[in-house]
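Chemist: If you want the building blocks of each chain, they are given just below.
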Amino acid sequence: MNLELLEEKLRNIITEDIRIYLSSGILEREDPLGYSIYLFFLTRSGIEGDEVDALIDWMNSWIEDILNRGFSRFIDREFTALVLGYSTLKSINKLQIHVNVIDKIYKEISNLIINDLFFGNLTYSLIILLSLADQVDLIKVFDPVLNRVKRYLERQSLFNDPKNLVFASMLFERLDARAELNTLIDICFERLQRNEIPYSEKIYYAWVLWNYRFIKRSELPTIVEFVESTLKNVTLESFNEKVDNSVKEMYGSDLKPKEFSKIFISVLLDLVVNFKRYRLSARVPDFIERTLEKLGWEDVLLELKNALRAFDENRLGDCCNNLRMGLATLLTKIYESLTGKPAPIKPGKSTDIPEILKVLKMYGLPEDAAATIRLTWSYTSERAHIEKRGGKQPSVEEVRYGIQLTFSAIEFLLHLFFK
Amino acid sequence: MISYINGNRIEQEPNLLFDKSDTSAVHPQVYWGLRKYGPYDKDISDIRLVIMSPIEKMNNVKKLVDELNSGTPIMPGGMPRFFRCKIEVIEEVYVESMETASYEKSAFNFVNRADPRDVDVVLVYIPKTSRFLSNTPYYRVKAILASEGYPSQMITENTFANLKWSYLNLASAIFSKAGGVPWVLEDEMKNVDMLLGISISSVISKRNRAGNVPRYVGYVNVFDSFGKWMFFDGTAKPYEKSKRLEQLKELLSAAISRFKIEKKFDPKNIVIHYYKRWGEQEKQCVIDVLNDILGDFNVAFISIDDSHPLRLYDMATPDGSIPRGCYAYLNKNEILLSTTGYTEIASRRMGTPKLLRIRLEQYPEEFISIDDVAFQVLSLTKLNWATVTPLVREPVTLLFSREIAYLTAAISEQDWMSITRPEVNVILNKRPWFI
Numbered sequence: 063m064n065l066e067l068l069e070e071k072l073r074n075i076i077t078e079d080i081r082i083y084l085s086s087g088i089l090e091r092e093d094p095l096g097y098s099i100y101l102f103f104l105t106r107s108g109i110e111g112d113e114v115d116a117l118i119d120w121m122n123s124w125i126e127d128i129l130n131r132g133f134s135r136f137i138d139r140e141f142t143a144l145v146l147g148y149s150t151l152k153s154i155n156k157l158q159i160h161v162n163v164i165d166k167i168y169k170e171i172s173n174l175i176i177n178d179l180f181f182g183n184l185t186y187s188l189i190i191l192l193s194l195a196d197q198v199d200l201i202k203v204f205d206p207v208l209n210r211v212k213r214y215l216e217r218q219s220l221f222n223d224p225k226n227l228v229f230a231s232m233l234f235e236r237l238d239a240r241a242e243l244n245t246l247i248d249i250c251f252e253r254l255q256r257n258e259i260p261y262s263e264k265i266y267y268a269w270v271l272w273n274y275r276f277i278k279r280s281e282l283p284t285i286v287e288f289v290e291s292t293l294k295n296v297t298l299e300s301f302n303e304k305v306d307n308s309v310k311e312m313y314g315s316d317l318k319p320k321e322f323s324k325i326f327i328s329v330l331l332d333l334v335v336n337f338k339r340y341r342l343s344a345r346v347p348d349f350i351e352r353t354l355e356k357l358g359w360e361d362v363l364l365e366l367k368n369a370l371r372a373f374d375e376n377r378l379g380d381c382c383n384n385l386r387m388g389l390a391t392l393l394t395k396i397y398e399s400l401t402g403k404p405a406p407i408k409p410g411k412s413t414d415i416p417e418i419l420k421v422l423k424m425y426g427l428p429e430d431a432a433a434t435i436r437l438t439w440s441y442t443s444e445r446a447h448i449e450k451r452g453g454k455q456p457s458v459e460e461v462r463y464g465i466q467l468t469f470s471a472i473e474f475l476l477h478l479f480f481k
Numbered sequence: 022m023i024s025y026i027n028g029n030r031i032e033q034e035p036n037l038l039f040d041k042s043d044t045s046a047v048h049p050q051v052y053w054g055l056r057k058y059g060p061y062d063k064d065i066s067d068i069r070l071v072i073m074s075p076i077e078k079m080n081n082v083k084k085l086v087d088e089l090n091s092g093t094p095i096m097p098g099g100m101p102r103f104f105r106c107k108i109e110v111i112e113e114v115y116v117e118s119m120e121t122a123s124y125e126k127s128a129f130n131f132v133n134r135a136d137p138r139d140v141d142v143v144l145v146y147i148p149k150t151s152r153f154l155s156n157t158p159y160y161r162v163k164a165i166l167a168s169e170g171y172p173s174q175m176i177t178e179n180t181f182a183n184l185k186w187s188y189l190n191l192a193s194a195i196f197s198k199a200g201g202v203p204w205v206l207e208d209e210m211k212n213v214d215m216l217l218g219i220s221i222s223s224v225i226s227k228r229n230r231a232g233n234v235p236r237y238v239g240y241v242n243v244f245d246s247f248g249k250w251m252f253f254d255g256t257a258k259p260y261e262k263s264k265r266l267e268q269l270k271e272l273l274s275a276a277i278s279r280f281k282i283e284k285k286f287d288p289k290n291i292v293i294h295y296y297k298r299w300g301e302q303e304k305q306c307v308i309d310v311l312n313d314i315l316g317d318f319n320v321a322f323i324s325i326d327d328s329h330p331l332r333l334y335d336m337a338t339p340d341g342s343i344p345r346g347c348y349a350y351l352n353k354n355e356i357l358l359s360t361t362g363y364t365e366i367a368s369r370r371m372g373t374p375k376l377l378r379i380r381l382e383q384y385p386e387e388f389i390s391i392d393d394v395a396f397q398v399l400s401l402t403k404l405n406w407a408t409v410t411p412l413v414r415e416p417v418t419l420l421f422s423r424e425i426a427y428l429t430a431a432i433s434e435q436d437w438m439s440i441t442r443p444e445v446n447v448i449l450n451k452r453p454w455f456i
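For the protein sequence lines, the chains are A and B, in the order given.
Per my numbering: the first sequence = residues 63 to 481.
Per my numbering: the second sequence = residues 22 to 456.
If you are wondering where the hints come from, they were derived from the structure by calculation, not from laboratory data.
Just so you know, these numbers come straight off a predicted model, no measurement behind them.
We put the CB at the ideal spot given by N, CA and C, even for glycine.
Check the hints yourself; a few may be wrong.
[As the list claims (entries may be wrong)] With a Cα cut of at most 27 Å, we get these calculated DSS-like pairs of lysine-lysine:
#1 B:K258 with A:K169
#2 B:K84 with A:K318
#3 A:K166 with B:K285
#4 B:K281 with A:K318
#5 A:K212 with B:K185
#6 A:K310 with B:K297
#7 B:K84 with B:K107
#8 A:K202 with B:K285
#9 B:K57 with A:K264
#10 B:K107 with A:K264
#11 B:K258 with B:K281
#12 A:K169 with B:K285
#13 B:K107 with A:K310
#14 A:K71 with B:K84
#15 A:K166 with B:K258
#16 B:K353 with A:K202
#17 B:K57 with A:K310
#18 A:K166 with B:K107
#19 B:K57 with B:K149
#20 A:K310 with B:K375
#21 B:K281 with A:K169
#22 B:K107 with A:K212
[As the list claims (entries may be wrong)] Negatives, chain A to chain B, calculated, CB over 12 Å:
#23 D138
#24 N244
#25 P260
#26 T297
#27 D306
#28 S308
#29 G379
#30 D380
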């Protein structure tokens, strides 16, 4: 399974789709919901690029436009796209609309209920609730719709359409509805164990189980195996099921090549990006783990494991902080072990890394290696202090680079002094 | 005499949409669309089914339901894959014999103790009888159940004889009668807000009443611009033919009011399909009603009939049939359309295509062309939720009217009045119980 290649293919599909869509006139655009779903998942995955910028600009102008011209008879798609687009843009600080969007949403929302659901449809309802989850107290119809969603979960009809599982799990997480989230994950896992998940639905189940694997921590190997096999079997090529010839005689051959929905592509890309991150950082290399355990330096090992967990959970600043702490603790331990003295502390009580490295050079650490280790420590420290970066998290690529640098430095140091 | 005729063809088969919230779930073929994407409406809870059958057939019917749930080679994955729900048998009602009286007795017993809010569909095993006889288990049970708000699905020995191909049609009919929407058109029909399939002089059976003067009922099926069946409405009481215009007025007013409530907009472009030729008085009556209710409107009067002797052939196709989607102009506003000729969407043909003769008249001005109407009618042949067969000759507007006409000819005035009374109508009008 080449996740890099799969990610590239998926991004190409989305980019091409966006390019074609944006080149049509604004009034001809008929699938605002599909594109707002693209935007939601692309930003959720932390993907940046020209296509995302173009989508952000389009979403802003589309929201402004729809509020000015009013909803058409496709109000279900339009309103859902509006709410999702608005909340996505707001969450990434890219909302550039001059109209008071939320007032318009408040004004419309109560009129859209059919059978306790928005537009009488579960998927629309989940997306709208998810987008407005921080406004629970301000929206009267929020609770009745949410209760209906919970009834769908109890009766398991939430599972009729697997894409609903993705939105429902995010909704329950955002509302801190632990019991419902646990129930949903339990049912997904039971279906996995009973081998009841149809091929066409596996991506959605894999997404849900992967993103909420912490609820089934003890089942992680099974979940990892499921996600790996699901991704391995994904095909984006045209695919025809083997069918009985009489089916073709009666109903004709399947005339339409396989096409994927925007929700499917978005969910798959998000899964690939997140799973790739895990595979990269799945575990501390064997040599490092074994040596640190042998030396009894579990505190260093703990920092490294915490770094990987933080990376996995998208806490990228925390990951960098754990990496720098792991490296600094190791250097301190090596210094103390070699010199028999406490490590030097800088005024302000942080470890004096340059001073430690200066001493280690006397014990055989090459000059250029010491410089690289010092730079590695600075690199991770710089990215750990997100307050100095205006609260901006480092990118996934920056942090992946930091993980590889730190692990390489630690492996080198352990080899040099303790092999 | 016409020595030659011009024609045209619809190049692309209309696409169908199989997911309300995902516009990419699109396919031109019903079977493959359901197999790949499931139904348009995916929020249906498990379908609560009551089985009514003679004792000796009950096990066969139960087995059939089990197979619908678990799947068959033609319908792999069964209901959960094709319709994203399961069928749950909640009650078995036994019928003592295959006689109509036994069926009536069981049906009356059932409706007297059950609540239609707890049942989605009643599946009834009946003997195969002629459609043109009225005192049969089919019509009697259908009428008794419908008049108390229960949609029903009938199966016969023929269903079991051809079971392999019956599963999916049965599944689709049960799903739609339970209130689900299996599929709709991907694109809106051009320049159409509201589409009506209307019948205003359907004769009703003289059963259970004195006198020989024929009485009639009127009914209308309303579709939206995606060809989605919205509701059925019928005149409250049977009437004599001289009163038909008043009844038409009542029917149309009610349909437009309901459409406005459901869709939250006033329809401007209204298309009415009728399987007879429009009379001047009828057209004027429609115009008067629309003037009263809407003011600003366009209306297209379309008559569609297949009771003509005209046939067309095409020597260029492998079987000599004129391809599906081809049509010949008889004049500016009249065409002959082939809906069952040669096509890639199906291998099996239905013999020489029986062409639909379509006539178009508009008021106050032209807002739709005869070519648009050809595409519209072809699209509507794909919306019969009672079958996944790729070739259906008639548009759903006519098909549904015809189904109800068969029924009205067999049921009594009391049955009709029960079916159309408000407390029953509120349950049945959103479900195509008559298909």
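Chemist: All hints, please: hold or fail.
Modeler: Each hint tested on the structure:
Straight-line distance between C-alpha atoms of B:K258 and A:K169 comes to about 43 Å, which puts the hinted pair past the 27 Å bound. The straight-line distance between the Cα atoms of B:K84 and A:K318 is roughly 34 Å, outside the 27 Å bound, and the hint therefore fails. Taken as a hint, the A:K166 and B:K285 pair is honoured in the structure, with Cα atoms around 18 Å apart against an allowance of 27 Å. This hinted pair does not check out: B:K281 and A:K318 have alpha carbons roughly 36 Å apart, beyond 27 Å.
Taking the CA atoms of A:K212 and B:K185, the gap is near 38 Å; set against the 27 Å cutoff, the hint is violated. Taking the CA atoms of A:K310 and B:K297, the gap is near 36 Å; set against the 27 Å cutoff, the hint is violated. Pair hint B:K84 plus B:K107 holds up; C-alpha atoms about 14 Å apart against a cutoff of 27 Å. With a CA separation close to 22 Å, the supplied pair A:K202 and B:K285 stays within the 27 Å bound.
Of the supplied pair hints, the one linking B:K57 and A:K264 holds, its CA atoms being roughly 14 Å apart against a limit of 27 Å. Distance hint between B:K107 and A:K264 is fulfilled; the C-alpha atoms sit about 20 Å from each other, no more than 27 Å. About 24 Å separates the Cα atoms of B:K258 and B:K281, which keeps this hinted pair within 27 Å; it holds. Restraint check for A:K169 and B:K285: the C-alpha separation of about 16 Å stays at or below 27 Å, so the hint holds.
Our distance criterion of 27 Å between C-alpha atoms is met by B:K107 and A:K310, whose separation comes to about 26 Å. Between A:K71 and B:K84 the alpha-carbon distance is near 46 Å, which puts this suggested pair outside the 27 Å criterion. A distance of roughly 46 Å separates the Cα atoms of A:K166 and B:K258; the hinted pair therefore is violated under the 27 Å criterion. At most 27 Å may separate the alpha-carbon atoms for a hinted pair to count; B:K353 and A:K202 exceed this at roughly 56 Å.
Of the supplied pair hints, the one linking B:K57 and A:K310 holds, its CA atoms being roughly 15 Å apart against a limit of 27 Å. Distance hint between A:K166 and B:K107 is unfulfilled; the C-alpha atoms sit about 40 Å from each other, more than 27 Å. Note on B:K57 and B:K149: the hinted pairing is violated, with a Cα-Cα distance of about 34 Å set against a maximum of 27 Å. Distance check on the hinted pair: A:K310 and B:K375 sit about 24 Å apart at the alpha-carbon level, within 27 Å; holds.
Note on B:K281 and A:K169: the hinted pairing holds, with a Cα-Cα distance of about 21 Å set against a maximum of 27 Å. Taken as a hint, the B:K107 and A:K212 pair is honoured in the structure, with Cα atoms around 20 Å apart against an allowance of 27 Å. Its closest Cβ contact with chain B, about 8 Å, brings A:D138 to no more than 12 Å, contrary to its assignment away from the interface. No beta-carbon of chain B is positioned within 12 Å of the beta-carbon of A:N244; the least distance is around 22 Å.
The non-interface label for A:P260 is inconsistent with chain B: the shortest C-beta to C-beta separation is roughly 6 Å, within 12 Å. At roughly 14 Å, the least C-beta separation between A:T297 and chain B is larger than 12 Å, which holds for a residue marked as non-interface. For A:D306, the condition that its CB be more than 12 Å from all CB atoms of chain B is violated, with the nearest at approximately 5 Å. Non-interface call for A:S308 relative to chain B: violated, since the shortest CB-CB distance, roughly 8 Å, does not exceed 12 Å.
Under the 12 Å C-beta cut-off, the non-interface status given to A:G379 relative to chain B holds; the minimum distance is some 36 Å. Every CB of chain B lies more than 12 Å from the CB of A:D380, the least distance being 36 Å, so the non-interface label holds.
The structure fails to meet hints 1, 2, 4, 5, 6, 14, 15, 16, 18, 19, 23, 25, 27, 28 from the earlier list, while all remaining hints are met.
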